[in-house]
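Once you have looked at the hints, place chain B on chain A.
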Amino acid sequence: MHSYLLWRLMNMVLAMFVLATLVFFLVRALPGGPFDREKTLPPEIVKNLESYYGLDQPLWKQYLDFLWGASHGDFGPSYSSPTDSVNAIMSRHLPVSAELGMWAILLALCMGIPLGVLAAYYHNSPIDMAASFVAILGRSVPPIALSPLLILVFGLYLRWVPIARWEGPAHRILPAVALGLGLAAIFARVSRSSMLQIIREDYIRTARAKGLPERSVVFIHALRNALIPVVTLLGPMLAQVLTGTFIVEFFFAVPGLGRYFITSIGNRDYPVVMGTSLLFGVALMGLNLLVDMLYSFIDPRIRVRP
Amino acid sequence: MMREEANMAKPILTGTEDVTFIPKGESLLRQGLRRFRKNRMALASFVFLVLLTLVAVFAPLIAPAHYSTDDLGATYEKPGANYPLGADFMGRDVLSRIIYGSRVSLAVAFIGALVSFLMGLGYGVTAGYLGGRWDEWMMRAVDVLYALPSLVIIILIMVYFRAGDPASFKGFKALLYEWDRAMGGMLFIFIGLGLTSWLQMARISRAEALSIRRREFMENTQAQGLSHRRVILRHMLPNILGPCIVVESAHIPLYILTEAFLSFIGLGVNPPMPSWGSMINEGYQAMRSYPHVILWPVVLLTVTVLAFNYVGDGLRDALDPRLND
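These protein sequence lines are chains A and B, in that order.
First residue of the first sequence: 1, per my numbering; consecutive thereafter.
First residue of the second sequence: 1, per my numbering; consecutive thereafter.
No wet-lab data here; the hints were simulated from the structure.
Fair warning: this is a prediction, and the values are worked out from it, not measured in the lab.
Using N, Cα and C, we set each Cβ at its ideal position, and we do this for glycine too.
Label-pair restraints from in silico Cβ distances:
no.: 1; chain 1: A; residue 1: A164; chain 2: B; residue 2: A141; range: 37 to 45 angstroms
no.: 2; chain 1: B; residue 1: D143; chain 2: A; residue 2: L294; range: 14 to 22 angstroms
no.: 3; chain 1: A; residue 1: L294; chain 2: B; residue 2: P79; range: 49 to 57 angstroms
no.: 4; chain 1: B; residue 1: V47; chain 2: A; residue 2: S91; range: 47 to 55 angstroms
no.: 5; chain 1: B; residue 1: R34; chain 2: A; residue 2: S91; range: 53 to 61 angstroms
no.: 6; chain 1: A; residue 1: L55; chain 2: B; residue 2: G242; range: 49 to 57 angstroms
no.: 7; chain 1: A; residue 1: A164; chain 2: B; residue 2: L61; range: 35 to 43 angstroms
no.: 8; chain 1: A; residue 1: G211; chain 2: B; residue 2: F110; range: 55 to 63 angstroms
For lysine-lysine, the following DSBU-like pairs were computed, each having C-alpha atoms within a straight-line distance of at most 30 angstroms:
no.: 9; chain 1: B; residue 1: K173; chain 2: A; residue 2: K61
no.: 10; chain 1: A; residue 1: K61; chain 2: B; residue 2: K170
no.: 11; chain 1: A; residue 1: K47; chain 2: A; residue 2: K61
no.: 12; chain 1: A; residue 1: K47; chain 2: B; residue 2: K170
Isolated chain A (complex conformation):
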């Protein structure tokens, strides 16, 4: 177990290094400086700007500085708002994205798992078919299509909920649905197939033979075992939440990190792009590791071999 953890951590450090290198050479080393396109500045000012951002150093020095800063979580000042550090920007916007992701996952859990369990319990019934249809719909209507549809129907046509910004609880509804529906579909799919398998196990028959009420057979004996594969989904799901936040935050004008990232790409605010990419990388890998640990903790049968 410990050596596995060590291996995973080593892998993660290596991956971070690769990511940092890619980020640096794909973004920082782009042809032309960030100040080329503005109206011609006096050379002294350009020189000052370049030294402020460390752009007057040789490339290898810039690379090492970047790696050193990144390993300390320091990405320097932003291009588009020079008095703001990338860190300050990220710490302003990250909590919003995290909250949105949390609502989406919560919604997915509360919707997907009951749907999947019901579908499995009433296998091949109309309920099952309806659940399967919802599941495949949720998987196929991605945030990029779902967000405008939700805005059109619930925001502009029915006028039930606000369609933009991040103020009251009502503002959370549409973004959370747009982000969470696809996840709910995945949960439904997996919990259905896992429940289908479990419900045929001998110990379920035993539980029924003992005369246990159906409720405790389903909830205590079947569901607890059926949920184990669902936990493994949390890993790939995090990646999907991350992808989704870019789009959903954009559509609903949510001031999260995903939206800021996309805007920074348009503004060529490269320090922000680099910092945010690395932050996303660290978050994703760390959470993935956590989920894997959690998985082996929940199900002792698959405890990772040393």
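Relative to the frame of chain A, chain B by itself:
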């Protein structure tokens, strides 16, 4: 005596028995086809995709107008006789742009899948075939890359490609940019997708190759002293292709959505080339007053992804009956 036995054994153990030997009755492929045909949603989706492909191929013949023909007098015109699905912010025919946009989505679906398939398969089969230390190091590299968030990587790659100034390049790089411009920006999307999507295929094909390597007929190929090339191409690949194709077809929706996303944020196709993703962005700018512009790209994108999902699921159920529940 010994030689005779060896001679007699030869016609049976040609080393190709795993490929050419077809049991009496229904072949696996035909069984699969039969199962696929019985799956009505998958079949309907398949027909839809064939029609869409025809539309994409014959776009210039079908579309009422060219995708960049604009008429500033018809800005945001509502659907009507002149513009069946309305016109966009530059007075361009939405129907024509959707028809041309299908080219981008389908090209990404097929070429993206092909690039990722070939890269992943090449890498994975090599690792699985070589085995031992080579395999270990090659797969370790995949593990490291696999941990990276692929969407962020593809965004960075596209930022890199799109920020360059084509006029300042020479030689191969200039040629690449020229091709990319000729394809409306699709070349770099293919490259970006290829670079980020081959990892999973590498893992799967490597696992398949490893399991094939342990089978007895592989020992036979060794005993016959066949060349590596022949062993891989004639004995290994035919046996692992099936599951790999199933897995790859399940990834196609992801490629379509990634392209739509990239075009949506302005890193994908080059305007005025339409993509459903870039059309969603253009429609989003005015969706409060002119919802008809955003509606159709959204619907088409959804239906296409849905169809690919159904076909992928149908393929899996048809070719791998064990998963069929």
